[in-house]
Each structure stands twice: as C-alpha cells, then as structure tokens.
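Construct the entire structure; sequences and hints are all you get.
These protein sequence lines are chains A and B, in that order. Number 118 in the numbering used here belongs to position 118 of the first sequence; there are no gaps in the numbering. Each number in the numbering used here comes from the position in the second sequence (counting from 1) with 473 added on.
Rather than coming from a laboratory, the hints here were simulated on the basis of the structure. Treat the hints with care, since some could be wrong.
SDA-like, lysine to any residue: derived pairs with alpha carbons at most 20 Å apart [claimed, not checked]:
1. A:LYS197 to B:GLN632
2. A:LYS197 to B:MET625
3. B:LYS564 to A:GLY320
4. B:LYS558 to A:VAL30
Restraint ranges, calculated between C-beta atoms of paired labels, are given here [to be verified]:
5. A:LEU73 to B:ALA510: 56 to 62 Å
6. A:LEU73 to B:VAL607: 51 to 57 Å
7. A:GLN317 to B:LEU570: 26 to 32 Å
8. A:ALA90 to B:MET625: 51 to 57 Å
9. B:ASP562 to A:ALA90: 24 to 30 Å
10. B:SER581 to A:ASP111: 42 to 48 Å
11. A:ASP178 to B:LEU599: 53 to 59 Å
12. A:LEU73 to B:ARG513: 55 to 61 Å
13. B:VAL607 to A:THR354: 34 to 40 Å
14. B:MET625 to A:CYS366: 45 to 51 Å
15. B:ASP562 to A:ALA147: 39 to 45 Å
16. B:TYR535 to A:ASP63: 38 to 44 Å
17. B:TYR535 to A:GLN317: 27 to 33 Å
Think of the CB as a built atom: it goes at the ideal place given N, C-alpha and C, for glycine as much as any other residue.
Spelled out from the first residue to the last, the chains are:
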Amino acid sequence: MVRHLPTLSIAMSVTSLALILTQPASAETVTLGIGTQDTTSNTVTAGVVIRQLHLLEKYLPKDGKYANVKFELEWQNFTSGPPVTNAMMANKLQIGMMGDYPLIVNGFTFDSNPESKSRLIGVAAYSLAGSGNGIVVHKDSPYYELADLKGKLVSVPFGSAAHGMVLKAMQDRGYPADFFQLVSQSPEVGSTNLQEKKIDAHADFVPFAELLPFRGFARKIFDGVETNLPTWHGIVVRTDFAEKYPEVVVAYMKALIAANQWLRDDPKLAAEKIQEWTGINKEVVYIFLGPSGNMTTDPTIKPALIDAAATDVKVLQNLGRMKEFDPKKWVDDSYIRKAYAEMKLDYDAQLGSTKNYEITGEDSFCKKPIADPRKAGEVWVDDAGIMPFSSTACTLGAYADFKAKGKKINVAYVFDTTRGIKLFADQAFFAVGNGEVAPFLLKKDAEAYAAKISGKVLGFDDAVKAAVGGGKT
Amino acid sequence: MPATVIAEADPASAITPPTTPPSFGTLALRWYRLNRAGLRAIAIGIISLAAFLLVWHMLTTYRVVFFVRFTNVPSPLAVYASFTKAIHDPKFLLHVLLSCRRIFFGFSFAAIVAVPLGLIMGRFKLVHEIIFPVAEVLRPIPAIAWVPMAIMLWPTNEQSIVFITFLGSFFPILVNTLHGMSLVDPVLVRAAQCLGARERSIFREVYFPASLPHIFTGLTVGMGVAWVSLIAAEMISGQYGIGYFTWEAYSLVQYPDIALGMIAIGVLGLGSSLLIRGAGHLVMPWRLK
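This is the structure we're talking about:
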C-alpha cells in the first residue's frame, strides 16, 4: 500500500497516456492489465508464477480472430486488494486477484459501474478450515491466547480477510464489540508497530502471521482454523473484457492450472523461486504452499467458498459497509470449466475434491514410510533439501542428528496435534511424556494434552533433547 | 465616486459633531462602500465554487468520458449524502478534531524550530554550511516514506503522527525564512551598524521584520504541506483522523467517503491558511493594503 501510492500512479497515468497516444484505434493490440499481489503468498500461482514463467503467453490464442492480434500484458503488483479494485474500476486492470473480503467488496463496488461488472472466475488458493489468517503478538509479550488480549490494542487491516477472521472469532466466543481496542493498520504499518511494541497484537492475512514469527519478533497466538470459516483468494475479471475476449480469459485459466502444476511438481524449487521473485522467505512460502501446507492451491470454485462469501457479506452488512449483494450470481465458472475441458482435465472431479497434496516418501531417520502426513514433519537442510519424517519424534531426532553432524538447518516443520496445521517447529509448544512428543500452536492446548498424558510442556530446544532421549522428560 | 462622497461628508461631521447617530441605511451604505472589494471577491468566490459544483455534477451525472473518465467518480449529491450521514456520527467530528490537533502541534513545533533556525542560518554562514546540506537531503523525502521510521523513532503513535506533519511543514518554513534573510537589504544592516546597533538589536529591528513577509509565506506553504502529509501520517493511527477516514474509505473502496475526506481536508486546509494570513496581517500591519 505504501509503495505504490503517488509515484506509481503518476507513472501509470503517464504510461497509459503514452500508450493511448501511440496506439492506433485498430483492434490490432489487446491490452490486458493484471493486478497481482506478489507478497500475498496465496495468490502467487495466479500472479507472479504466471508472469515469471511466461505461462500466459504460452496459452494465449493465436489463430482465428486473434491471428493479427498483438497482446500487450501489463502486470501491476499491489500489497492489498482494494487498490486492485480501484484500478479495475478505472479499467486500467481487467483481471485482478485478492482475498475473500476484498473480493466481495470488488463485486459489490462493480454493481454500480455502468460500463462493466466483475465476475469471480477462479480460485488461487483456499483453506477450508480458515488457516492463513492469524493473530500475532510480540514474542516477549505475556499473551498466549485470544482471551489474554481483553482490552488490549489490536490492529488489523480493515476490510481484509484477517478482519473477517477477527470478527468471526469474537462472534464465536460471544465477545462484545469493545473486547479489544480494534484499530485498522495496513500490514506494513502493523508489522512495524508490533515490532516496536506500540500495539499488543496484530491480526493479518497470508503470509504475515507466519512471516513475522519467522522474522523473529512475533509469536502466533491465534490461527484462523479456530474460526473454522474458509478463507481464500480468488480471481476476478471485468465482464466487458471477458465478453469481448473470452478466449483470453480461458487462456489465463489454463496458465493458472499450469502454474499450479509447476508448484506441485517441485515445491522446494517453487518456494526458492517465489522467494527470489517476491522477497517472502522460502520457508514461509513453503509452509503455505508446500505439501500438507496450510493452503490448498486449486482453481475450481467450490460451493463451500461461496457459502463462506455469503457469510462475509453478512458481516460487512452488519458493519454498515455493504448493501445487497449475492455472491452466487457473481460467480462465473464457464471460463475455468472451458480451460479444464480444453486441457482434458476433469473439472467436476477436482471441484468435488478438497484434498491437498500431502507429504509422502520414506523417513530416512526412523527408517519407515510416512503413513499419516499430518502427524509427520519435515526438516529443510540447507544443502541437502527438504526431508520428510514420519512423526514429530523422528523429525526432532533427525533435527538433532543433522545438528550434531554440523549441517546448516533452515527450518523444521511439525503439525499441530489436534488441528493438523503446519507449524514452524521452533515456534511450537510440545507436550512431552510417556514416549510421546506432541506439538501444538497454542500453549493452552499443549498444557491440556500434557495433563492428559501426564507429561510436561516443553519449548523447542528441550523437546529436541527429549525426543533424542526417547520422549521422556 | 465613493471617495468624493466620503470627502464631502467628513469635514462636515468634523466641524459639527452629529447630535443624532447616522441612520442604519447610511451606515450600511458606508460599510458597503468600504468593503466593496472584499464583498466582490466573496461573491465571485461563491459563484466560482457553485460553478465548480455544477460542472462536477454535470460531469458525473452524464458520466462524461472525454479522455478523462468520470464514469465512476462520485457525484456531489452522493458525497453530500455521505456528508449528512457523517455529521450525525460523533466519530466524524472526532476525526476532524484529532486531525486539527495533530496539525496544530506538528505545525507549531515546525514554526518554533524552523523560523529561528532559518534566521540563524541566514545570519551565520558556518551554521548555514553545516545544516543546509542535511536539510536539502531530507527535504525531498515524501511524508509517506517516513511512516516506518516515524513509528520506530517515537514512543507513541500520536507523536509519530505529529512528527510527520512537523516534517511536512518544517522544510517550506525553513527554506522561505532563509530566502527572506538572503533578501534583507545590506544597506539597512550597515545603516544600523553605523548607528551603533549591536548584533541583537540588528537581528530584532532589521533582519527579523525584513524577512517576516517571507516567513509568513513559508508558514502558509508549510500549513498546506502539513495537511498534505496527513493521510500518510494518519495511516499509523489506525483509528481516528480525517486522513485515516479517507484511507479507510479507500480500503473499503467507498468512493463518496473518499471524496468527502478529500473535501474535508481541503476545507480545513483553507481555514488554517486563512488563520495564518490573519495572523500575518496582525503581525505586519504595514503590509495591509
């Protein structure tokens, strides 16, 4: 938000002016403006990957009515959804991508546009359980769960998916509207404020709830999974463009499918490339988009996501931010269906599936295959790559082993025992006892579990020692 | 020929003091004649504003597209609807009040620091040589770029916001003060020195009054820039302020509210500039027309 404001818009208007002046009015050139959110890791398969790998160019129609057409692609990067909507309204962008709340605002804002409406044509990534959004606190703060934040200053970008999560969480727990001192801050401002301890907590969307802890000054105390309301990022298009050039929109959907495939073929390479393109650490990208990650990249428009959008509309209406809007009428899956058909893929089968791709392979430390990916773990060794392990104990054991051999370890991942979300091992709380090592996001969950197995709650370093010692404390 | 009328009337009243006060009609007429230029300016101002509103209304109602596109620009009526909603909301008043307070503090500190600094820099070459390069490097940095630094520098957010408005107004005031100092007639300074004035007196009696007009130009420009910096500054606040109001409207893509915020900033900026100009007339009566 901060970066693009005055200079870029001036540059944009100057370029568009130059373009208009230099272009003849013939239909020779089709200009397609695409608004991406590179730093929002959820949207990378719909944006930065397609751009960097030139996937759209590969699928753009070249014959028939496009035989003499030259395509002019204009990629613009933003850090949040509303500026994309603004540029789409101004017809500077024809395709845009953003999170669930900004998407609805996009559809609703276009309702009053006489030239064009907007339609949801595909999904970049989703989490049915609502992971991805989260609330983080400063790592030195004494807050370990949502209830600890009573009366505290909590910032969240208003109108974002994370704002929706906070409102839903408050509603679920019956908290009054003034339970927190809720203020609106963009991710950039909120992150700096949290680092400087000016605010007690910051709620944000992908990737900040993982990125800030990874950067070392924050701790996640609430994950969107606790709201159990799906969160997702989608792609919208201006209908005037889509009706005039439907083949181009289908080509975009094919590029999206291809980008998805590229990601899943080699998630490690993808994470490294995405770090290179967007500046978001590869370890953070991988926790979202890697196997058994917290986000599922899937272009199909699942009814569950649209139902969630209807819930979001109600939240916005209660806030007086929106009037009538029906998300069902706003969906147009014809383009993505066509793309699936032309690529000889089964849309309906994919639509019915909510499976992510999971961790597989052979545990090289405990010497057994991986049976349950959501009980497994991974260790990213700097020069040897990402290795899967069949359990938390094996993961921590392997971690200690690599350390002992003097290897440089980037990061280790484990899974929350009850919620199944992927965690950075060094940020987790471990319930250890009776030969069991069970990781948790929340201290309170770990304590409850430790009481059950009459064990103890340990931090990462102690848990590693305990794992080496066979799960005894 | 109002001048002759007054000239004829005045000697008479001077010779024989009026036993009865002049009638209301006479007073009104006299007041009108004295303020005719001012009234004319106000009347033309109102007409031009009305014309602006009318053009805006027409452009948006007919959604004119003539290279510039008014298709989705909110109409004045939509903005007025937002306005009526806003004034019934006590929060809007709070937004305005807090912004005014921030501008007041930021601007006052800027004036208190920049004016003496400019005077000293103008008088002593060494100080100028030390401070000028730093000031010139910092001057072009836009307010929005200062946001992360401001958050880290100051213990509270309110201070960070005031700091950004301070920076906005500081440089125009400093530069104009310097300019004013450079234009002080050296003959006046030498004359004062010949008459035995000491440094302090020269400063007080020559340099300061001579550069006052430029200082006030600086203050007026500085006030404008302070309001310009407001949106950037209030992004930090996350809760209140007219700049924040505009920013929040942007993040929810509510065009009428964005326009309302813009207009509110414009009107408040105008009001504060008028205040400065008024203060200028009080401080420099010799410059009154």
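Now for the hints, and whether the structure bears them out:
1. Between the alpha carbons of A:LYS197 and B:GLN632 the distance comes to roughly 15 Å, so the proposed pair stays at or under 20 Å and holds.
2. This hinted pair checks out: A:LYS197 and B:MET625 have alpha carbons roughly 10 Å apart, not beyond 20 Å.
3. Taking the CA atoms of B:LYS564 and A:GLY320, the gap is about 15 Å. The hint holds against a cut of 20 Å.
4. The hinted pair formed by B:LYS558 and A:VAL30 fails the criterion: a straight-line CA distance of about 43 Å is larger than 20 Å.
5. The hinted range of 56 to 62 Å is satisfied by A:LEU73 and B:ALA510, whose Cβ atoms lie roughly 59 Å apart.
6. Checked against the given bound of 51 to 57 Å, the beta carbons of A:LEU73 and B:VAL607, roughly 44 Å apart, lie outside it.
7. Between A:GLN317 and B:LEU570 the Cβ separation comes to about 29 Å, which falls inside the hinted range of 26 to 32 Å.
8. Between A:ALA90 and B:MET625 the beta carbon distance is about 35 Å. The supplied range of 51 to 57 Å is therefore violated.
9. Between B:ASP562 and A:ALA90 the beta carbon distance is about 29 Å. The supplied range of 24 to 30 Å therefore holds.
10. Checked against the hint of 42 to 48 Å, the C-beta distance between B:SER581 and A:ASP111 comes to roughly 46 Å, which is consistent with it.
11. Here the CB-CB span from A:ASP178 to B:LEU599 is close to 57 Å, well matched to the stated 53 to 59 Å.
12. Between A:LEU73 and B:ARG513 the Cβ separation comes to about 56 Å, which falls inside the hinted range of 55 to 61 Å.
13. For the pair B:VAL607 and A:THR354, the supplied restraint of 34 to 40 Å is violated, since their beta-carbon distance comes to about 59 Å.
14. At roughly 46 Å, the beta-carbon separation of B:MET625 and A:CYS366 lies within the given 45 to 51 Å, and the hint holds.
15. Separated by about 31 Å at the C-beta atoms, B:ASP562 and A:ALA147 break the suggested range of 39 to 45 Å.
16. Between B:TYR535 and A:ASP63 the beta carbons are some 41 Å apart, a value that agrees with the proposed interval 38 to 44 Å.
17. Take B:TYR535 and A:GLN317: their Cβ atoms lie about 31 Å apart, and the range 27 to 33 Å holds.
Checked against the numbered hints given earlier, this structure breaks hints 4, 6, 8, 13 and 15; the rest are met.
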